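These are the residues of each chain, in order.
There are 2 protein chains.
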Amino acid sequence: MKIKVAQFGLGPIGLESLRLAAAKPWAKVVGGIDIDPAKIGRDLGEWTLTRNLRGRTVCRSLDELPAQPDVVLHTAVSRVREAFSQIEPMARRGISVVSSCEELLFPRWREPKLAERLDRVCRASGARVVATGVNPGFVMDVLAVCLTGVCREVRAVHVQRVVNASTRRASLQRKIGSGLAPAVFRRRLQAGQAGHAGLKESLALIAHCLRWKITRLVETGDALVARRDLRTPHVAVSKGQTCGLHQRAEASVRGKVCLTLDLTMCLDAPEPRDAIQIEGDPPLHLVLPGGVAGDEATVAALVNAVPRLLRAPPGLRLMTDLAVPCVA
Amino acid sequence: MKIKVAQFGLGPIGLESLRLAAAKPWAKVVGGIDIDPAKIGRDLGEWTLTRNLRGRTVCRSLDELPAQPDVVLHTAVSRVREAFSQIEPMARRGISVVSSCEELLFPRWREPKLAERLDRVCRASGARVVATGVNPGFVMDVLAVCLTGVCREVRAVHVQRVVNASTRRASLQRKIGSGLAPAVFRRRLQAGQAGHAGLKESLALIAHCLRWKITRLVETGDALVARRDLRTPHVAVSKGQTCGLHQRAEASVRGKVCLTLDLTMCLDAPEPRDAIQIEGDPPLHLVLPGGVAGDEATVAALVNAVPRLLRAPPGLRLMTDLAVPCVA
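For the protein sequence lines, the chains are X and H, in the order given.
For the first sequence, position 132 matches number 131 in numbering that gives the first Met the number 0, and the numbering has no gaps at all.
For the second sequence, position 149 matches number 148 in numbering that gives the first Met the number 0, and the numbering has no gaps at all.
Pulled out of the complex, with its shape left as it was, chain X reads as follows (with noise of 0.2 Å):
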């Protein structure tokens, strides 16, 4: 019995989230949904270029599509309130969904109420419902989470990520500020309109597990500066421009920083890696040099779920909750 999987969202994610599940054995895509009139209407297996997609359309809503999903992939906002709005209808008839919403990877970090709503109404239908990503979702939350399984005892996690924005895609380099004012980019960043999301939720889900309290969580953000002039196929930045961002979230237990994320996105950024420090008995150290593709893995990640997530109970989910990732 395949799993029936329709998409939500069908921006770039969404696309290629929706040719990598038409290319698994276990998984038969039943269609795509998206709001935009642009896009209704299409042949899903024509956009895509993908053979075992042809004769399915882009619908606008659930009760357009031919078949029931078991599961819905959905790539459609990063903000947690959108994204409740959008999957408890899905919830509510007994669909799960494995969801690239950033705040959703810890939904009662923001919305503790919603999220006891999902959970109720997943349990009741039978719906399983997580988000996941490479980042939140994997590199700087369910990896460390995932070392400190060897360890006596975990005192403080320290995770840093450093993606070189200039080998990535043309969305990437526009997200990172490239080519702003320093001082516009700020502004953005600050008032939260820019910049990578999820950073808190990273830190609230590590915590969770450890079963630490946080008291103070502090998170900044800032725009990096062009040293030199810099161009890429997508973007020229000159020197004194914007060429990427800083952002840093710190965790308190009981008054001490224990849980610190480091991420730093820019063009030309030297040494790209993510990296995992666990103060603990014993200490841990993990690099991976070169670091996590982001756009390629989330896809990945986000298919991959997919089984898993069926074989865990009813509810809202975390990620730590399902079995150990795997290449599904």
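Hints are computed from structural coordinates only; laboratory data are not their basis.
All the pointers check out, no bait thrown in.
Given that identical chains are not distinguished, each listed pair holds provided it fits within a single copy or across any two copies.
Straight line, CA to CA, 27 Å or less: simulated DSSO-like cross-link-like pairs of lysine-lysine: (1) K255 - K23; (2) K212 - K3; (3) K212 - K27; (4) K23 - K212.
Keep in mind the model is a prediction, meaning the values are calculated, not measured.
Starting from the known structure of chain X, fit chain H onto it as the hints suggest.
What follows is chain H alone, placed relative to chain X:
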């Protein structure tokens, strides 16, 4: 409600597991079991210098424990047949077991029928059984599987572990053949009387998770020879004598070598580390410089698995079936 824990096997690893379990606020140690007449009757509190174990004595069998445990920490044997005969009576009573038995990591590899029987016993009684450790159980298998969770596709997995035995306890320095004539130690390795147990099981676990059918599995082991005199607080090795071992397991899938595990444990090993390469999409490279300390981390892995095991459905489980590893 605390989880009632008993220890089966009171060697060095068992005593450390007991001490760690006694330090966890969620666990209540009910006692220890060993078959060695010299140990029976000893006070666990005095023996382990652990205050909250005082008054608990070493028993000969399950029946003599003052209360039925929820979970037994089983640290007694490496061979899966012996483990089955010790664990089955526990599982019949509905007692769950976390075992350090290396071959039990993937019991179907050597003993598919016994594994099926134990699984049936567990399902009937409500018990759960799993085996774990740092190796096998984490660095050469579970961690590699976990990494593939962000891959669209995996073509090959290669793991290397280099342990500098000079910094480790006496028993490991002896286990790797230190001071023996290389010809003698080679014979022991080839007869399966020496060396690291569980390499094939690590490999079989990875293959299982990736749904790869192993068509050929080769394991080789060799003595490493000291090029100069070596001395630790525990052993003295002359030039030309054995100073460690090199073991390697390779699995082929459809005629191609797709999984390799390479283990070196020797005195004065340069650059001790754990490293994983995933050939896939994206390719991934992970390094733990210095590596994960074996015994200390194994004890942690055992105790940390307890709460996760009890949340899994009854049955004979694999580490990769349980939730993401985490310090408990």
